[in-house]
Amino acid sequence: MQGRLEKIRAILKEQQLDAIITGKAVHRRYLSGFTGSAGLAIVSQDRAVLVTDFRYVEQAQAQAPHFTVIDHQRDEKGAVRALLQEMGVKRLAFEKQAVSYAVYQDWQAHFTGIELVPTEGIIERLRICKDETELAAIREAVRIADEAFRHILSYLKPGVREQEIALELEYFMRRSGAEAAAFDIIVASGARGALPHGRASEKKIEAGDMVTLDFGAIYQGYVSDLTRTVAVGEPAPQLQEIYEIVRRAQAHAVAKIRSGMTGREADALAREIIAAAGYAAEFGHSTGHGLGLEVHEGPSLAASSSTVLEPGMVVTVEPGIYVSGLGGVRIEDDVLVTDSGCEILSKSTKELLILPV
1 MQGRLEKIRA ILKEQQLDAI ITGKAVHRRY LSGFTGSAGL AIVSQDRAVL VTDFRYVEQA
61 QAQAPHFTVI DHQRDEKGAV RALLQEMGVK RLAFEKQAVS YAVYQDWQAH FTGIELVPTE
121 GIIERLRICK DETELAAIRE AVRIADEAFR HILSYLKPGV REQEIALELE YFMRRSGAEA
181 AAFDIIVASG ARGALPHGRA SEKKIEAGDM VTLDFGAIYQ GYVSDLTRTV AVGEPAPQLQ
241 EIYEIVRRAQ AHAVAKIRSG MTGREADALA REIIAAAGYA AEFGHSTGHG LGLEVHEGPS
301 LAASSSTVLE PGMVVTVEPG IYVSGLGGVR IEDDVLVTDS GCEILSKSTK ELLILPV
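Start counting the sequence shown at 1; every next residue gets the next number (this note's numbering).
Everything labelled a hint here was simulated from the structure, so no lab data went into it. Predicted, not measured: the structure shown is a model, and the values here were computed from it. We put the CB at the ideal spot given by N, CA and C, even for glycine. Among the hints, erroneous ones may be present.
As the list claims (entries may be wrong) - Pairs of lysine-lysine residues, derived as DSS-like cross-links and limited to a Cα-Cα distance of at most 25 Å, are as follows:
hint, residue 1, residue 2
1, Lys13, Lys24
2, Lys96, Lys7
3, Lys7, Lys90
4, Lys256, Lys350
5, Lys13, Lys90
6, Lys203, Lys157
7, Lys204, Lys157
8, Lys347, Lys256
9, Lys347, Lys157
10, Lys13, Lys96
11, Lys157, Lys77
12, Lys96, Lys77
13, Lys24, Lys77
What the hints assert, rightly or not - Simulated restraints, written as ranges between beta carbons of each label pair:
hint, residue 1, residue 2, range
14, Ala236, Pro65, 15 to 25 Å
15, Val357, Thr262, 41 to 51 Å
16, Asp131, Gln97, 19 to 29 Å
17, Ala109, Lys347, 53 to 63 Å
18, Thr262, Arg175, 35 to 45 Å
19, Gln73, Leu195, 48 to 58 Å
20, Glu132, Asp106, 34 to 44 Å
21, Thr35, Ala207, 38 to 48 Å
With the hints as extra help, turn the sequences into a complete structure.
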């Protein structure tokens, strides 16, 4: 945490800001280690303070050793105002995308004599490359998801509802050490496979269905995101063809992604193969996104992304093809960008599995 504070202080100095305030949960946690649900983190050149309430004081003191913890005693704005005056803050950075207009107006009224400076991406830019502690947590989250995929294969049978599959996946991940599922689990079978975000429904799996499973685990705050598509019984020939196209596109992308490449260039690696096969219109989402404390964070592997990939970034690589009325296929790995290419963190097989019925 000390290293993160040094980096943000360097940014504050560069932008001539006296301090930054954040109440965004993932940013509060990233800077301090505090995992509670309420509080404001304030960092200046010589102070790091957590302002929270009675419920979290002891927890914050234990989790955030580099921060001074203040109990605002039911007057958060008053406590923050007094603190900022004590710190001599004149220009206070706040995250414009995380602060509502109502809160901004409230701060303006209470933090008299202080210029509120809207900023964007300061902490996000620090989070985009992961340190070893973060990578260890992500690796464990990925390992749990891989184990969950192997576990769930025996449950995929005709007559089983998608919701039952999702419930078993979440139960297994929690039992294996996950804090929770990273997001609402997607189980999309048969024609529902054409829904890229087809959350588990009451639909029963049928013989011949392709089933897309998209799920992840949270471990020590960090997430994984794994997608595999499997067949329950012999699928239609077009679906088998689609599977092979997606598999080739995904394999090509993970083999070629490297630092120095833009998100746009990474996206094109998978997209060009799918387009050449005649399915450009059926691949409507980006090839991938960053992973960390959030399921979707920077960088984006998308046609619109000029972000240059750097070692330490963790991204998903998840091309897919979705054909209305037929079904769909998506294959997704979590990968770590390295100096020489990328390391595939997820280990589950990507060969087409045709399960017996």
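Range agreement (Cβ of glutamine 97 with Cβ of aspartate 131, hint 19 to 29 Å):
24 Å, holds
Notebook entry, point to check: Has the hinted range 15 to 25 Å been met by the Cβ atoms of alanine 236 and proline 65?
Noted result: Distance hint for alanine 236, proline 65 is violated at roughly 58 Å.
Exercise. For the pair supplied as a hint, lysine 7 and lysine 90, is the alpha-carbon distance within the 25 Å limit?
Worked result: Between lysine 7 and lysine 90 the Cα gap is close to 21 Å, so the pair holds against 25 Å.
Could you see if the CB distance from valine 357 to threonine 262 stays within 41 to 51 Å? This hint holds: roughly 45 Å between Cβ atoms.
Open item on the list: For lysine 13 and lysine 96, compute the direct alpha-carbon distance and say whether it is at most 25 Å.
Closed with: 19 Å, holds
Subject >> Restraint status (C-alpha distance of lysine 96 to lysine 77 at most 25 Å) >> reply: Status holds; Cα separation ~18 Å.
For a C-alpha distance cap of 25 Å, please report whether lysine 157 and lysine 77 respect it. The hint is violated at about 56 Å.
Exercise for the section: Check the following: the C-beta atoms of glutamate 132 and aspartate 106 are separated by a distance inside 34 to 44 Å. Expected result: Holds - the Cβ-Cβ distance for glutamate 132 and aspartate 106, about 39 Å, lies within 34 to 44 Å.
Would the hint linking lysine 347 and lysine 256 be met if the CA-CA limit is 25 Å?
18 Å, holds
Q. Within a Cα-Cα threshold of 25 Å, do lysine 24 and lysine 77 meet the stated pairing?
A. 16 Å, holds
Hinted pair lysine 13 and lysine 90, Cα distance within 25 Å: Holds, at about 13 Å.
**Prompt:** Hey, lysine 347 versus lysine 157, does the alpha-carbon distance stay inside 25 Å?
**Reply:** With Cα atoms ~23 Å apart, lysine 347 and lysine 157 stay inside 25 Å; holds.
The structure shown violates the earlier hints numbered 11, 14.
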